[in-house]
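Using the sequences plus the hints, can you model the full thing?
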Amino acid sequence: MHTPGSNVSGYIVLMIVQIIFLVLFWLFVRYEKAALPAPIEAEDAGSANEHVSKYPQFQDIQVMIFIGFGFLMTFLRKYGYSATGYTLFMAALVVQWAVLMKGFLHMEGGKISLSLESIIDADIAAAVPLISMGALLGRTTPIQLLCMSIFEVALFAANEYLALNVLSICDCGGSITVHAFGAYFGLAVALMLRPASDQNDAGKHEGANYVSDIFAMIGTTFLWVYWPSFNSVLAEGSGGERAILNTFLSLAAATVTTFVVSALVSHENKLDMVHVQNSTLAGGVAVGTVCNLLLGAHGAVLIGIIAGTVSVLGYRYLTPWLTRNLRLHDTCGVHNLHGMPALISAIASAIVASMVTPDDYQSELQDIFPAMVGNNGTTTKIMGGLGRNASSQAGYQLFGIAVTLLIAIGGGVLAGAVMKYTSFRNLAKDEQHQDEQYWEVPAVENKEE
Amino acid sequence: MHTPGSNVSGYIVLMIVQIIFLVLFWLFVRYEKAALPAPIEAEDAGSANEHVSKYPQFQDIQVMIFIGFGFLMTFLRKYGYSATGYTLFMAALVVQWAVLMKGFLHMEGGKISLSLESIIDADIAAAVPLISMGALLGRTTPIQLLCMSIFEVALFAANEYLALNVLSICDCGGSITVHAFGAYFGLAVALMLRPASDQNDAGKHEGANYVSDIFAMIGTTFLWVYWPSFNSVLAEGSGGERAILNTFLSLAAATVTTFVVSALVSHENKLDMVHVQNSTLAGGVAVGTVCNLLLGAHGAVLIGIIAGTVSVLGYRYLTPWLTRNLRLHDTCGVHNLHGMPALISAIASAIVASMVTPDDYQSELQDIFPAMVGNNGTTTKIMGGLGRNASSQAGYQLFGIAVTLLIAIGGGVLAGAVMKYTSFRNLAKDEQHQDEQYWEVPAVENKEE
Amino acid sequence: MHTPGSNVSGYIVLMIVQIIFLVLFWLFVRYEKAALPAPIEAEDAGSANEHVSKYPQFQDIQVMIFIGFGFLMTFLRKYGYSATGYTLFMAALVVQWAVLMKGFLHMEGGKISLSLESIIDADIAAAVPLISMGALLGRTTPIQLLCMSIFEVALFAANEYLALNVLSICDCGGSITVHAFGAYFGLAVALMLRPASDQNDAGKHEGANYVSDIFAMIGTTFLWVYWPSFNSVLAEGSGGERAILNTFLSLAAATVTTFVVSALVSHENKLDMVHVQNSTLAGGVAVGTVCNLLLGAHGAVLIGIIAGTVSVLGYRYLTPWLTRNLRLHDTCGVHNLHGMPALISAIASAIVASMVTPDDYQSELQDIFPAMVGNNGTTTKIMGGLGRNASSQAGYQLFGIAVTLLIAIGGGVLAGAVMKYTSFRNLAKDEQHQDEQYWEVPAVENKEE
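For the protein sequence lines, the chains are C, S and Y, in the order given.
Just so it is clear: in the first sequence, position 430 is 438 by the numbering used here, and no numbers are missing.
Just so it is clear: in the second sequence, position 350 is 358 by the numbering used here, and no numbers are missing.
Just so it is clear: in the third sequence, position 254 is 262 by the numbering used here, and no numbers are missing.
Hints were generated in silico from the structure; no laboratory data involved.
Any given hint could turn out to be false.
Because identical chains cannot be distinguished in the list, a pair is counted as satisfied if it fits within a single copy or across any two copies.
Said to hold, decoys possible - Calculated cross-link-like contacts (lysine-lysine; reagent style DSS-like; alpha-carbon spacing at most 30 Å):
(1) Lys278 to Lys428
(2) Lys278 to Lys212
(3) Lys62 to Lys212
(4) Lys278 to Lys119
(5) Lys41 to Lys437
(6) Lys437 to Lys212
(7) Lys212 to Lys41
(8) Lys212 to Lys428
(9) Lys437 to Lys62
(10) Lys428 to Lys119
(11) Lys62 to Lys278
(12) Lys41 to Lys119
(13) Lys428 to Lys62
(14) Lys212 to Lys119
(15) Lys119 to Lys437
(16) Lys62 to Lys41
(17) Lys41 to Lys278
The structure is reproduced here in structure tokens:
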């Protein structure tokens, strides 16, 4: 039965959160210097332009977050309002929170500097709970989702700081810190919210129809075309172009592989829209951590082939197995699109890092593997870097993914426990995967027409 | 009954208009100098590139106009061809007309200079009649709409010239000159075309279905993600980055607020897709006029919260009241998405302007408040500007919106009178809100499938 | 009857192709120099940025290829999975192949240089078989399409090399080398695959429904808004801005004309979605070859008016005639969107070229008409160019389109013959225009909801 009361208090809490954000912005956030008018004597319009040179890539990422994720999740035939609407709601809340959270970790003089980079970082952070939402799609209330996202983004910011600034791993496209974190956090929540063993069947509204599947392809294609922007936006120097090229090739190879493997393993050798909508993108995830490295075109293509294969096989065999045996439901299969491909990316990063010599990256070593600066091929430290050698860096890459998994799963278990056992309203089985619980839905549908 | 004759003559008139445009282009329009080949001795490829540095933002605005507006209006379940089609038709006609109209106001040596800026301005001008179309959606013929748009854009260009060049108000994102003008012009037309008092009920085809609502979300999300480009494209210097940041934050805050307020005021506390599709964007309108000013992040967030609240309350209470009491129908609720948020923006601009000191904007005062140049804190005029002081500028901002409302409403009443009382064909009540009157619609729908 | 066996072997062949690509990338492809880390002493971040200054236009083209083409073809009511899916599959395969093929034609030191330009060229190449696919839509298996595309892209690369590098014609937006080639190749294949004379009726599933027509408008509008990027991406110097302006104006004029002519010639003077979806874009094709020339705004508008008119009349009269008399089916009407407008563009290029004087293009003559460098108005050769004069260049333009048609039609006949008479599985009449043959399609559709 519908209990409006609990909704109302949840929404009011979210409004209070928004007002707290307002106060925090007022107290702590200031425009960065380049976004302030220059003194009259130092007029220089050019530098302002250069400062926002990443604006087109930012806009691509905006499309990925709001249209890409939103429409990718419209494949459920009775959950399209929620897919597009909650994506908008969650992303709008999270971007503000991410500006604050990531700002607190990099304050200067007690103030957070607001710049184009802040909102690029915020959009990337928004991807994290959206990935988790994919695992849970249709099985939570919006209040549960939104509260989860606030906690998750704080934990994400902390883990990212640990991985990049403390452990000094490379993760240009965020496969470790964003994709693996979001996927395994979401899966851990899903495990906590798993159904009783007598309710382990698919929800009666869980599934696509012809039109909802085509709506989902809007999401897929926009994610596909703009993924090079996501992976390259934080790359510096020539790494930006490599990130674009490697991501493009990996996606292309993963796509071809996805179609082939989908046809080979599916019922009657027919193509499966779930694979096409999702596994085609696995190449973008799997190349993420290493996208700015000297993979070579063949390296990128190889990663794409592996990712497409693993992802389709995951959808075909692993997900049903997890559902059957662990009652671990994963509505969008984020484990196959984000989880496993991110693990592939982490492993690839260890392999590539283990073969790095300082000469390879010349002036860019500082940006890409800062901890290796000062390693002149021996273990001697020079020039102020940590002088980490290649195998050591490879080890740190693996340590980075391990820590990320630990924190993500731990955080997800905690979040799931709170969502399940505290006063949050939970959805009953037959309330799942349909908009009607939380949305006004047109009633007369199909009748008068 | 269908009277094809009147259609034919209307379409022929539009073809003649197109041919007149051709002649005017031939007589008056020339490429700007930077779009002409440089003499051999002065070869300089770099400058040409810099000249089109706003091209990515132009493309974002193109998406807003053609996809954003077009799909936002597909929410009517039997009017999707018209929503997307007339948007394309109207925008294609208006952009040409706007290049000419705005060109005539800024001719040099009897010629209009054609540049990237011309077509950016033209796309912005196209937003004006598209906003008005939202108020009228489904209740006019395409011929009425197109003819209206030609008149409206000419009046818009004149009003914009008056507001920006004569009154010298600031309106970086166009909330006053574009959103308020388009909304109140459209509402004035709607008032003139209002139904007889015995036909004041909603049209029988007026309403969404499940799929049309999701199509509309394509429009919403693209408008959302690219709105920072719309607001910032005409900003100069560091104002560009502020416009991006402020717009982004205002949209995010308006979105969170929209969801919360929608749930709180709606039937059974369920979310309403009309609010989600529209009020989430009110933050972009409400921050428009002031987006390049030194609002601070908190200023932008505050404006977003106010705009989201006002917009949802407008949809919930004001629009039904206007329909009931004034027979003022507003199909898309442009009053709530464009009208009132634009008023908020104008008021905000007066408040912010009243607190400006010349030191705040340093070298950018000339761009942002040109009439205040020469005001050194007293009323003494120096340095060639008008030396307008802060309270005076605030007064001009309010005068600017007042004049705009007057011209828009006057123009709309005139246009509506012409559309109603001259030989234009008008739609009968039961012909409204459906494509069939003007489009070939597949007949067998749903049967054989 | 469904014969899965033949599918399986086809898919396996495509996987082998993907693996061959992997090997070729490994053997031959290397990052361009600017995508490699700079030596420490020569640190210069700026140059890397400038090198990828066309990245935003690349992304626009990505949207055109994957979303634009994909969704434009979703108008068939039972073929939306195939339209969006095969577009993704084909483009992902072709972009890799195009990097290799075009690379082999421009190798340096036995290696192919991989750069942003490579993948821009690859995306453009992907348009070619996608255009052909439009002619064949619904009447081939995916295996036939994919194999066709591999052959077609190789032939396209050869013809393009011939036209641009040997014949030295101008074709900035690719109307000759891309649009005419793709359209006539596809039509030639369609002619080879034409039905027996007792099966010449429209397929029973061939047609749109209300929702599929709106999906198709997503494709139309994205192609419309980003077409200036497609036409301008390879332009240099001030030609880039001219290409943007001319394409924009031509599209606008074609759109207005399309609506008018559609209403005038259609049944009951109602607008036809097929025209709106396609002929509005004819202006982009028809201005393609000449988009960077000094057309003047009126030249661009005139071309748009002609293209819109020809395209609508083609859909209304020519296509049915071809179907009836030659049994030449053209599902999307690519002859009207790409074929005839490309011929218009070629003719326009001859006219414009015939009037060129060396003074017109100053320092840009080298880029635009390299063969005319050294023509000082007489036939005397100076400065190392071929010294081709204006009428001669005009002749070459016409020769270029003639050769292209010959190669495209010859290649299409050959490809069609192979697809029809070898061991490829062909679709029977009643298997056409529906996804079910090759896709898992939700069965319960509409029932439980």
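A quick look at each hint next to the structure:
no.	hint	result
1	Lys278 to Lys428	between (39 Å within a copy, 22 Å between copies)
2	Lys278 to Lys212	both (24 Å within a copy, 22 Å between copies)
3	Lys62 to Lys212	neither (45 Å within a copy, 48 Å between copies)
4	Lys278 to Lys119	neither (57 Å within a copy, 39 Å between copies)
5	Lys41 to Lys437	neither (53 Å within a copy, 58 Å between copies)
6	Lys437 to Lys212	within (9 Å within a copy, 36 Å between copies)
7	Lys212 to Lys41	neither (55 Å within a copy, 56 Å between copies)
8	Lys212 to Lys428	within (22 Å within a copy, 45 Å between copies)
9	Lys437 to Lys62	neither (45 Å within a copy, 51 Å between copies)
10	Lys428 to Lys119	neither (37 Å within a copy, 59 Å between copies)
11	Lys62 to Lys278	neither (42 Å within a copy, 39 Å between copies)
12	Lys41 to Lys119	within (12 Å within a copy, 41 Å between copies)
13	Lys428 to Lys62	neither (41 Å within a copy, 50 Å between copies)
14	Lys212 to Lys119	neither (51 Å within a copy, 56 Å between copies)
15	Lys119 to Lys437	neither (47 Å within a copy, 59 Å between copies)
16	Lys62 to Lys41	both (17 Å within a copy, 22 Å between copies)
17	Lys41 to Lys278	neither (57 Å within a copy, 44 Å between copies)
Hint compliance for this structure: hints 3, 4, 5, 7, 9, 10, 11, 13, 14, 15 and 17 are not met, and every other hint is.
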